[in-house]
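Once you have looked at the hints, place chain B on chain A.
Chains as they are written, first to last, in the working numbering: chain A, -8 to 343; chain B, 3 to 559.
Among the clues, some could well be false.
Stated by the list, open to error - Within a straight-line C-alpha distance of at most 20 Å, the following computed SDA-like cross-link-like pairs (lysine to any residue) qualify:
1. A/Lys72 / A/Val61
2. B/Lys204 / B/Val304
3. A/Lys146 / A/Glu83
4. A/Lys72 / B/Gln359
5. B/Lys549 / A/Val87
6. A/Lys326 / A/Asp232
7. B/Lys549 / A/Tyr88
8. A/Lys42 / B/Ser325
9. B/Lys549 / B/Arg357
10. A/Lys146 / A/Pro125
11. B/Lys204 / A/Tyr88
12. A/Lys42 / B/Met383
13. A/Lys146 / A/Pro123
14. A/Lys72 / A/Val87
15. A/Lys72 / B/Trp354
16. A/Lys326 / A/Cys269
17. A/Lys146 / A/Glu130
18. A/Lys146 / A/His245
19. A/Lys146 / A/Arg199
20. B/Lys549 / A/Gln86
21. B/Lys549 / A/Gly81
22. B/Lys549 / A/Glu83
23. B/Lys204 / B/Ala193
24. A/Lys72 / B/Arg357
25. A/Lys326 / A/His245
Unchecked claim - Taking beta-carbon pairs under 10 Å as the criterion, some of the chain B residues facing chain A (in silico):
26. Ser71
27. Ala157
28. Pro158
29. Ala255
30. Gly295
31. Ala302
32. Phe319
33. Phe347
34. Gly355
35. Leu375
36. Gly474
37. Asp476
38. Tyr504
39. Gly507
Everything labelled a hint here was simulated from the structure, so no lab data went into it.
We put the CB at the ideal spot given by N, CA and C, even for glycine.
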Amino acid sequence: MLPRRTKSSLCSGWQIVLLLFWSCSALWAVASDATPGHGTNVFSPASTPAKSIKDLSVFVLAITGIIFLVVFVLLVYSVVKFRGRALDAGREPAQVYGSTQIELAWTIIPTLIVVVLFLATARVIHAIQDAPEPVGAVEVTVIGHQYWWEFRYPKLGIVTANELHIPVSNPDHPTPTFLQLLSADTDHSFWVPELAGKTDLIPNHPNRMWMDPQSTGVFVGQCAQYCGIQHAKMLLRVSVDGPEDFAAWIQAQHKPAVEDTAVIAGRRVFERNACMNCHAVGGTSADGRFGPDLTHLMSRATIAAGAAQNTSDNLRLWIQNPSAIKPGSLMPAMKLSDADLNAVVSYMETLH
Amino acid sequence: MSSHVITVPVGQTEARPWVDQLHEWLATVDHKRLGILYIGSALLFLAVGGVEALIIRIQLMHSHNNFVSAEVFNQMFTMHGTTMIFFVAMPVLFGFANYLVPLMIGARDMAFPRLNAFSFWLSFLGALLLYFSFFGGSGLYGAGSAPDVGWWSYAPLGARAFSPGHSSDYWTLALLVSGFGSIGTAINIIATILCLRCPGMKLNRMPLLVWMNLVMAGMVLLAITPLSAAQIMLLIDRYLGGHFFDTQAGGSAVLWMHFFWIFGHPEVYVLIIPCFAFMSEIIPVFSRKPIFGYPVMVAATVCIAFVSMSVWAHHMFTIGMNSYANSFFTLTTMAVGIPTGIKIFNWIGTMWGGRIQFKTPMLFSIAFLFQFLIAGLTGIMMAASPFDWQLSLSYFVVAHFHYVIVGGILFALFAAFYYWYPKITGRMLSERLGTWHFWLFLIGFHLTFDVMHIPGLLGMPRRIYTYEPGRGWDTLNLIVSIGAFIQAIAILVFLANLIISYFKGDDAGNDPWDAWTLEWSTSSPPPAYNFATVPTVASRRPLWDLKHPEDPDSRYE
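So here's chain A without its partners, still in its complex pose:
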């Protein structure tokens, strides 16, 4: 009799441990809310769509948590209470075949729960997806490429890559940003968890999403839809600027590329080689569209879609051997002589 007792109490034991473990894990995820700076935690939203999602998710977590507790307690109770005992040997328990009342109860109650959950969800779907675009909204066309992001501001006449700049939005005078999502090749997905849920960029299938960040700073994210070899290093940075900073950024981006005669040799290298087939530098004959626009390359903190910091060493490495930073990247190794490489890197470094 004793051994059997031990076994069944163990059985409930592990389930309780797991329950504790599970709730601790959930708490951990929620608690990391408090970490400073902008991470990628879906539970620390900084923009209306992400906030409504978080509110909904807390509600759904509460309901599913209650369901879990109820069913879990029933399960543990029946395992412990109705464990077989040595004394029962040979005797079968009462043979019960079912009960219509009980079946009805556990059909109707879950149905009511589903209705409540559905209504709560439908409200949020509508609030996020069908939000009208206000007059002052910033519009950005995001084009996914294997493996980088092109950002075009059609109303402002700006083209940039990989680091999106958008204005902070004051809830009293909202200046949300509306993104039009396109793809030049395969499927991608725009995901910056603290600003909004993700939306895919699909060729021949334009999508739309919006965000109205209420605090400044750099928010990170990355491509979420598998898009090819370097899906992992298709990172995203969204810089949320205060009104003055954003205006200054626009002004800087409007300027044509800096022309510095000191680096004319580098510019010649850039234009003589294949660089200009894929890259554009505003105000010069380089107008390729296959790779990122380099007119204001030095205004960006990273290169290779966030895979490396924008330093001269990294630039050299990237131009000479992109696979060292991002194997599978579509940028070819340029195989320049040392002199040409130095020249072209010096040229790049003037493109503020």
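Quick look at chain B alone, frame taken from chain A:
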């Protein structure tokens, strides 16, 4: 019933030359042997797919790891997913269906034994084709390459522009060929159940396992056919200049998604319903009570089958469907939780008031209930489509579906292995090794898949071969990887148990669990044609009636 037991004449078990034995296995049309072939090939590919999973987990142990290249990593997750779904889960469940359905309905074989063999060999050929890509993927250019487009092969990544060479062709053909095999098996199961039941086995007296496999087979017909159609369209695109999914020529990437997921979601239920079937046989026997609410269980299964045909686009909440479509699929997805919940309650109702015996099959079944509950609840979270805009394509969803497939399907399968192994081999599996297997696997499973939810909530997308440090993902991924290795050890214990017990296990006898369905009335292993005399049944539990003539079930029907 005992008068129907056939004892195998001694002469039949004598060793014959191995070539003869091999020939018998290769040319067999016996449902039991084909069932074992299905299960054996699935175990083989379980090991292969498991190694692929371990390679993935080693690579992700810490940020910026260089264990494998991006290309190899992408091949690993593509092959792992494709292998586990098409060449492990489906074959092993078909194997059990093949083995058990005729025995449980008192039939001597499947309705179409040759179709049965043909279907198995098609599936097996599909698996070989897929793995041949490692050698033949790039044709004449030397080194081979396995498919690396993900197990959904989303358009246009699978188009020739983005997936040159032949690796995607192997993927396409493997799924097409094994899909035909699945359709053949489904037709066979349906025909067997509808036409070959023994006298007295009315539809409402069939064991729930048979009912659920009937529903499963119906779903296979509905789900695999669109997948096969899509694969043919993809081949037309790749070789005959078609533009179904070729976005560069006006084709539709979204069309592929619809085709894939109208297969893909019912497929989840194709896999889980046979596991519900195992639970519905095992839990009653070890609780010593009949299943609670038999008619409701049947109705809930049929209901799940219908509703699950209208939930596929919940895999596509992030692709930019309009708010009405998102609301519709939110509703249907949540609704499928109702009949699923009814099942869980009925299993608990079965245990309620019983005398539960904690044999290994029951341990796995209790763990199944617990884990399937959590998997269902995280499913409800993702059914709320706005929440899914955050969770989809992240490690949360990876954790969720592994909770279903490992925590649910694999645990149920282990229960089934421990429960029916004595019938299949005539030997009991070792309870001692079984207990080790159970606890090790349980610990490994929870270490891996409980923890895996958190990086998803912290913004880690799936299918990335490496990640940036400083995002808070490092430690979590290390724990996940450690859990994966504990699971691997548990699987080795299981395989050792299968082999050792085959030679040294206790003699099982005909009916080691004191169970109630027809397969336990014949010898273990059953003779070639199962029953010397076709049995006659008068209730849902024919062996209960036989063992308790004073209080037979047939009195209450």
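Cross-check of the supplied hints:
{"no.": "1", "hint": "A/Lys72 / A/Val61", "in the structure": "16 Å, holds"}
{"no.": "2", "hint": "B/Lys204 / B/Val304", "in the structure": "17 Å, holds"}
{"no.": "3", "hint": "A/Lys146 / A/Glu83", "in the structure": "79 Å, violated"}
{"no.": "4", "hint": "A/Lys72 / B/Gln359", "in the structure": "12 Å, holds"}
{"no.": "5", "hint": "B/Lys549 / A/Val87", "in the structure": "17 Å, holds"}
{"no.": "6", "hint": "A/Lys326 / A/Asp232", "in the structure": "38 Å, violated"}
{"no.": "7", "hint": "B/Lys549 / A/Tyr88", "in the structure": "18 Å, holds"}
{"no.": "8", "hint": "A/Lys42 / B/Ser325", "in the structure": "18 Å, holds"}
{"no.": "9", "hint": "B/Lys549 / B/Arg357", "in the structure": "18 Å, holds"}
{"no.": "10", "hint": "A/Lys146 / A/Pro125", "in the structure": "14 Å, holds"}
{"no.": "11", "hint": "B/Lys204 / A/Tyr88", "in the structure": "18 Å, holds"}
{"no.": "12", "hint": "A/Lys42 / B/Met383", "in the structure": "16 Å, holds"}
{"no.": "13", "hint": "A/Lys146 / A/Pro123", "in the structure": "18 Å, holds"}
{"no.": "14", "hint": "A/Lys72 / A/Val87", "in the structure": "17 Å, holds"}
{"no.": "15", "hint": "A/Lys72 / B/Trp354", "in the structure": "8 Å, holds"}
{"no.": "16", "hint": "A/Lys326 / A/Cys269", "in the structure": "16 Å, holds"}
{"no.": "17", "hint": "A/Lys146 / A/Glu130", "in the structure": "7 Å, holds"}
{"no.": "18", "hint": "A/Lys146 / A/His245", "in the structure": "12 Å, holds"}
{"no.": "19", "hint": "A/Lys146 / A/Arg199", "in the structure": "16 Å, holds"}
{"no.": "20", "hint": "B/Lys549 / A/Gln86", "in the structure": "14 Å, holds"}
{"no.": "21", "hint": "B/Lys549 / A/Gly81", "in the structure": "12 Å, holds"}
{"no.": "22", "hint": "B/Lys549 / A/Glu83", "in the structure": "12 Å, holds"}
{"no.": "23", "hint": "B/Lys204 / B/Ala193", "in the structure": "15 Å, holds"}
{"no.": "24", "hint": "A/Lys72 / B/Arg357", "in the structure": "9 Å, holds"}
{"no.": "25", "hint": "A/Lys326 / A/His245", "in the structure": "33 Å, violated"}
{"no.": "26", "hint": "Ser71", "in the structure": "7 Å, holds"}
{"no.": "27", "hint": "Ala157", "in the structure": "8 Å, holds"}
{"no.": "28", "hint": "Pro158", "in the structure": "6 Å, holds"}
{"no.": "29", "hint": "Ala255", "in the structure": "5 Å, holds"}
{"no.": "30", "hint": "Gly295", "in the structure": "4 Å, holds"}
{"no.": "31", "hint": "Ala302", "in the structure": "9 Å, holds"}
{"no.": "32", "hint": "Phe319", "in the structure": "9 Å, holds"}
{"no.": "33", "hint": "Phe347", "in the structure": "4 Å, holds"}
{"no.": "34", "hint": "Gly355", "in the structure": "6 Å, holds"}
{"no.": "35", "hint": "Leu375", "in the structure": "6 Å, holds"}
{"no.": "36", "hint": "Gly474", "in the structure": "6 Å, holds"}
{"no.": "37", "hint": "Asp476", "in the structure": "13 Å, violated"}
{"no.": "38", "hint": "Tyr504", "in the structure": "27 Å, violated"}
{"no.": "39", "hint": "Gly507", "in the structure": "22 Å, violated"}
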